[in-house]
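Given the structure of chain E, go ahead and fit chain R onto it with the hints provided.
Chains E and R supply the protein sequences, listed in that same order. Under the numbering used here, the first residue of the first sequence is numbered 1, with each subsequent residue one higher. Under the numbering used here, the first residue of the second sequence is numbered 1, with each subsequent residue one higher.
Don't take every hint at face value.
Only pairs whose alpha carbons sit at most 25 Å apart, straight line, appear in this in silico SDA-like list of lysine to any residue [stated by the list, open to error]:
hint, chain 1, residue 1, chain 2, residue 2
1, E, K229, R, Q19
2, R, K227, R, D190
3, R, K168, R, K108
4, R, K394, R, R325
5, E, K157, R, L18
6, R, K104, E, D206
7, R, K423, R, I229
8, R, K408, R, E388
9, E, K157, R, M10
10, R, K394, R, D328
11, E, K157, E, Q128
12, R, K394, R, M329
13, R, K7, E, D61
14, R, K423, R, M329
15, R, K7, E, R25
16, E, K155, E, K229
17, E, K13, R, D45
18, R, K7, R, G152
19, R, K7, E, R203
20, E, K178, E, R110
21, R, K174, R, I229
22, E, K229, R, D259
23, R, K108, E, K178
24, R, K59, E, S55
25, E, K157, R, E6
26, E, K229, R, R38
27, E, K157, R, G13
28, R, K108, R, G136
29, R, K39, E, D230
If you anchor each label on the Cβ, the simulated ranges turn out as follows [what the hints assert, rightly or not]:
hint, chain 1, residue 1, chain 2, residue 2, range
30, R, P5, E, M166, 36 to 46 Å
31, R, S183, E, G37, 36 to 46 Å
32, R, E66, E, K178, 47 to 57 Å
Derived coverage of chain E by chain R (criterion: at least 3 residues anywhere in the stretch with Cβ under 8 Å from a Cβ of chain R; other residues may be distant) [what the hints assert, rightly or not]:
hint, segment
33, 5-18
34, 181-187
35, 217-231
These are calculated hints, taken from the structure and not from any lab test. Quick reminder that beta carbons are idealized off the backbone N, C-alpha and C, glycines included.
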Amino acid sequence: MLVIKNIDVYYGKINAVKRASLHVRAGEIVALIGGNGAGKTTILNTISGLIRAASGSIRYDGQEVARLSPDLIVKMGISHVPEGRLVFKPMSVEDNLLLGSFSRFSFGKRKEIEGDRERIYEIFPILQERRRQAAGTLSGGEQQMLAIGRALMAKPKLLLLDEPSMGLAPFIIKEIFKHIVDLRNRYGLTVLLVEQNARNALRIADSGYVLETGRVVLQGPADDLLANKDVQRAYLGRDLDAEMAV
Amino acid sequence: MYWRPEKETMERGELEQLQLERLQATISRVYRNVPFYRKKFDEADVDPDGFRLLSELRKLPFTTKEDLRSSYPYGMFATPLREVVRLHASAGTTGTPTVVGYTKNDIKIWSHMVARILTAGGITHDDVIQIAFGYGLFTGGFGIHYGAELIGASVIPISSGDTARQVKIMQDFKTTALICTPSYALMLADAIDEMAINVNSLSLRCGFFGGKPWSEMMRQELQDRLKIIAIDNYGLSEVNGPGVAGECIERNGMHINEDHFLVEVVNPHTMEPVAPGEAGELVLTTLTKEAFPLIRFRTRDLTRLITEPCPCGRTFVKMSRVMGRTDDMLVIQGENVFPCHIGTVLADIRGAESCYQIIVNRTGALDDLTVAVEVAEAIISDERKQQELISLIKNGITAAVGISVTVKLLEKGSLGQTEGKAKTVLDLRKC
Numbered sequence: 001m002l003v004i005k006n007i008d009v010y011y012g013k014i015n016a017v018k019r020a021s022l023h024v025r026a027g028e029i030v031a032l033i034g035g036n037g038a039g040k041t042t043i044l045n046t047i048s049g050l051i052r053a054a055s056g057s058i059r060y061d062g063q064e065v066a067r068l069s070p071d072l073i074v075k076m077g078i079s080h081v082p083e084g085r086l087v088f089k090p091m092s093v094e095d096n097l098l099l100g101s102f103s104r105f106s107f108g109k110r111k112e113i114e115g116d117r118e119r120i121y122e123i124f125p126i127l128q129e130r131r132r133q134a135a136g137t138l139s140g141g142e143q144q145m146l147a148i149g150r151a152l153m154a155k156p157k158l159l160l161l162d163e164p165s166m167g168l169a170p171f172i173i174k175e176i177f178k179h180i181v182d183l184r185n186r187y188g189l190t191v192l193l194v195e196q197n198a199r200n201a202l203r204i205a206d207s208g209y210v211l212e213t214g215r216v217v218l219q220g221p222a223d224d225l226l227a228n229k230d231v232q233r234a235y236l237g238r239d240l241d242a243e244m245a246v
Numbered sequence: 001m002y003w004r005p006e007k008e009t010m011e012r013g014e015l016e017q018l019q020l021e022r023l024q025a026t027i028s029r030v031y032r033n034v035p036f037y038r039k040k041f042d043e044a045d046v047d048p049d050g051f052r053l054l055s056e057l058r059k060l061p062f063t064t065k066e067d068l069r070s071s072y073p074y075g076m077f078a079t080p081l082r083e084v085v086r087l088h089a090s091a092g093t094t095g096t097p098t099v100v101g102y103t104k105n106d107i108k109i110w111s112h113m114v115a116r117i118l119t120a121g122g123i124t125h126d127d128v129i130q131i132a133f134g135y136g137l138f139t140g141g142f143g144i145h146y147g148a149e150l151i152g153a154s155v156i157p158i159s160s161g162d163t164a165r166q167v168k169i170m171q172d173f174k175t176t177a178l179i180c181t182p183s184y185a186l187m188l189a190d191a192i193d194e195m196a197i198n199v200n201s202l203s204l205r206c207g208f209f210g211g212k213p214w215s216e217m218m219r220q221e222l223q224d225r226l227k228i229i230a231i232d233n234y235g236l237s238e239v240n241g242p243g244v245a246g247e248c249i250e251r252n253g254m255h256i257n258e259d260h261f262l263v264e265v266v267n268p269h270t271m272e273p274v275a276p277g278e279a280g281e282l283v284l285t286t287l288t289k290e291a292f293p294l295i296r297f298r299t300r301d302l303t304r305l306i307t308e309p310c311p312c313g314r315t316f317v318k319m320s321r322v323m324g325r326t327d328d329m330l331v332i333q334g335e336n337v338f339p340c341h342i343g344t345v346l347a348d349i350r351g352a353e354s355c356y357q358i359i360v361n362r363t364g365a366l367d368d369l370t371v372a373v374e375v376a377e378a379i380i381s382d383e384r385k386q387q388e389l390i391s392l393i394k395n396g397i398t399a400a401v402g403i404s405v406t407v408k409l410l411e412k413g414s415l416g417q418t419e420g421k422a423k424t425v426l427d428l429r430k431c
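Isolated chain R (complex conformation):
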């Protein structure tokens, strides 16, 4: 089911021509209207009239979250404030928040992008959608709302919080689709159990979960407990909000709306593009944003691109689930290793608890990695179970990350991470 089939199944050659045109127009506009970018381009000695190939995007400097913070509030807007019809801001957990603006067209395009990903996951105008994302300066609530309304579904703008009420509304209003963070969905599942409600009596059919990384195991749990299909989606307020990418019902990677965003995956240390299919930092360039265009924005999100054709027929490239932040990349024997990538692997292995520690050491010229994982009592006490689990974890990590590691199993609680004492990564090479 497509929202706009002619866009979603566009032939790649046509898509690339469109991307080139939009990139060229964006660069011309941004150079003219945004002093921040004019300065950056001039400093990097970049001619805005260049860019005859999409790959020349690499000549441009990156934009970081710090850049956005230091232009608080309106320093990077490309249109006069009078034309901005909406303002959103990120939470600003670590310092100054970042502000994003939208013109009327930006809102229209945003709504269509969200409509696309909701439709890809099976939403139609017959659905009753409970949006348990915060409404307010946060882009999640309003973002999904406008897309859902465009489709013509019945939207319940309940926002977040008050779990008991959420469940009651779900029953009374006959919600068919739930939209929230994956952890909140689990809380709702818990509440449903506690309130002794039979899940089968609910009208829930599907759930769109995003905002935080979540594992395949968590998806299974949500699907089983809430009797829904659980769909991943990706967005970030600096670039838009929800609607940047979303899974189709194949649930094997999220299609990125490539007619509106140019996608790159780079090595966060060298900043060079990674090999096809390799994991790295997602970098996004907006192609159609009017009020707040961004060139090569570093999302700090770790992912990899999936270029195999999707059975759904969409020609947009897919990104894997976000595996975490790229801030903590390690270099082991010349290989890039992301601790959160290891965390993703562990999350999908039964028996491995969520507390783990990665210890990096060096003997002579060789780096080595030890992964210490907390496990339940039942496994510690059984020699054979230990060996099985160690094997499973070793193979899983090597397959995902490409290097071999030593695995140690520890008693639950021994890392002391819940008290906030132990770090996830101990790089002893620095000592």
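Next comes chain E alone, as it looks inside the complex:
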């Protein structure tokens, strides 16, 4: 579904992402893990068109999208749930959700869109409970669900999720990740998931990419990455034993 080849992304002179290549197959959950500043968010922002890659290709369903504007990319079926959730705090939950459908809105489609919103309430019942509340009054986990719901209102085929576990309690993280798997299993959504919490991400992912200083250094089935000692040592919080000199 998504094939990225050799993208280079710069912030001014800083080469944040170096000839990165990755792919996401339809119906898969792919994890992009790595430490702070590795370039994960940069890659997601590049896919959704918020930043432009200096070179390389991004093909979505066979079409080159690297030079398209973000709204076109949303219309094509890619929705981005940003880092930090970024819900519209003063607006109500239901308005936040409505806004998510902006790219496909027309007055003729109102009934359909309201139907979609009802479906989001089915997936996240707490949002229905709080639908008239200002989004800023929701807890962290609820805001995350709202952010995901808002992205789903654009009826995407590919969901880009940036650090959904950030700042959330472990119990809530578990719930959020269950929802992600559910979205894939029941609604056929394809997910590209960026996480610093590598263990959670790899546990639900089919395959993964490990980024370090802008480069992909490891790629493979999620289980293999979980078992890889480098990954364990760097990202899964294992004890750093003294390395045997080789």
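For chain R alone, kept in the frame of chain E given last:
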């Protein structure tokens, strides 16, 4: 029958994307973790952040067996020894052995690769597999073992040796699949005959033979004598062990596990890639090895790639049977000629004995090649049979190697090769 159809029938575009990703990750890792490669890349002025195309692999230097020997034992490992769960070594017949290491993931991937090639040859969990490959530091025994066990077949880890016992186990344990070198398989066939056992009373169904080059004629013989289908497979311990490539039941070339290896065939003198389908040296780059990744490893094995689609549906490219070593390449009239390639041709011609000699000469500016082959008495004494055989050999060699040769037939024993006296190749141009 596929082990993992989604991998084995992957569309080429998807495969190439996967290979590019894995190559880029491997190069980044190798540059960072293996001082040997960091030095080599720096010396060759290669930027590890380059490589936007698979073809750019050619910018990288080759890795040779000598490199491995001089880093004995752990000089080229890419992970700390603590993460290496298995160590294997090559026999080291000519000097220092080479050591290979495997992490847990490496073992898992290796087992799956072997499971793939066994399945391609028809093995299922209902089979009883007799592994007559040496277990030990040699990768053959354990390599096949883990793959066979993964499939769920009943594995007999009998290892090599004690032919009489091998046959007895084959009978008593009802072995359906035999795995060993082709020459050992012949020895077992001989033993079965000597012990006056009826081959039809055995449960043998198929044989996987590898480790040494063997001819189509030898395959026929093994198939006829042991009443099996005989399948070729290829591997080398430096790169993995068994599981690099294997034939499907079409038995027309061995599918290479291209999602784990990048394949090149190069001219061993110029080191440039050969034309598609042309014979040359097989060069392998590992894409998923963690403990012991290799970039452009020169296998010294002569083969050619078969790119025609295979009826089995697998999209991985095939390599022909290994025709020998590339060490002795000759250049005749600007053409590359491998003596062992000629040997392969002779091996499949009835009447040509296994002792032959290639004599290269030059008259003026022209090179010429004479192939002297020992033949049986019955042919020497019959003028017509001689002419027929000479014709057959001439045509066979020209078709395979592309140049025309003079063929001479000699009496058996006249070359004196069994006493180790005569060389296979006499290059008189040097004198």
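- Would you say the C-beta atoms of E66(R) and K178(E) sit inside 47 to 57 Å of each other? 55 Å, holds
- Query: Between K108(R) and G136(R), does the CA-CA distance stay at or below 25 Å?
  - Reply: 19 Å, holds
- Assess, step by step, whether the Cα of K59(R) is no farther than 25 Å from the Cα of S55(E), and give holds or violated. The given pair, whose Cα atoms are some 21 Å apart, holds under the 25 Å limit.
- Tell me if chain R covers the segment 181-187 of chain E under the three-residue, 8 Å CB rule, please? violated (count 0)
- Quickly compare the C-alpha distance for K157(E) and M10(R) to 25 Å and report which way the hint goes. 23 Å, holds
- Item | 25 Å Cα cutoff - pair K178(E), R110(E) | At roughly 30 Å apart (the allowed maximum being 25 Å), R110(E) and K178(E) break the hint.
- Query: Taken at face value, is the distance from the CA of G152(R) to the CA of K7(R) at most 25 Å?
  - Reply: 20 Å, holds
- Within a Cα-Cα threshold of 25 Å, do K423(R) and I229(R) meet the stated pairing? 35 Å, violated
- Item | Hint consistency between K7(R) and R203(E) [alpha-carbon to alpha-carbon, up to 25 Å] | Cα-Cα ~22 Å, so holds.
- Query: Does K157(E) pair with L18(R) here, judged by a C-alpha cut-off of 25 Å?
  - Reply: Cα-Cα ~22 Å, so holds.
- Message: Just to be careful, I want the Cα atoms of K229(E) and Q19(R) compared with a cutoff of 25 Å; is the pair within it?
- Response: This hinted pair holds, its Cα atoms lying about 22 Å apart.
- Message: With the threshold set at 25 Å, check whether the alpha-carbon distance from K168(R) to K108(R) stays at or below it.
- Response: 33 Å, violated
Checked against the numbered hints listed earlier, the structure breaks hints 3, 7, 16, 20, 23, 31 and 34; every other hint is satisfied.
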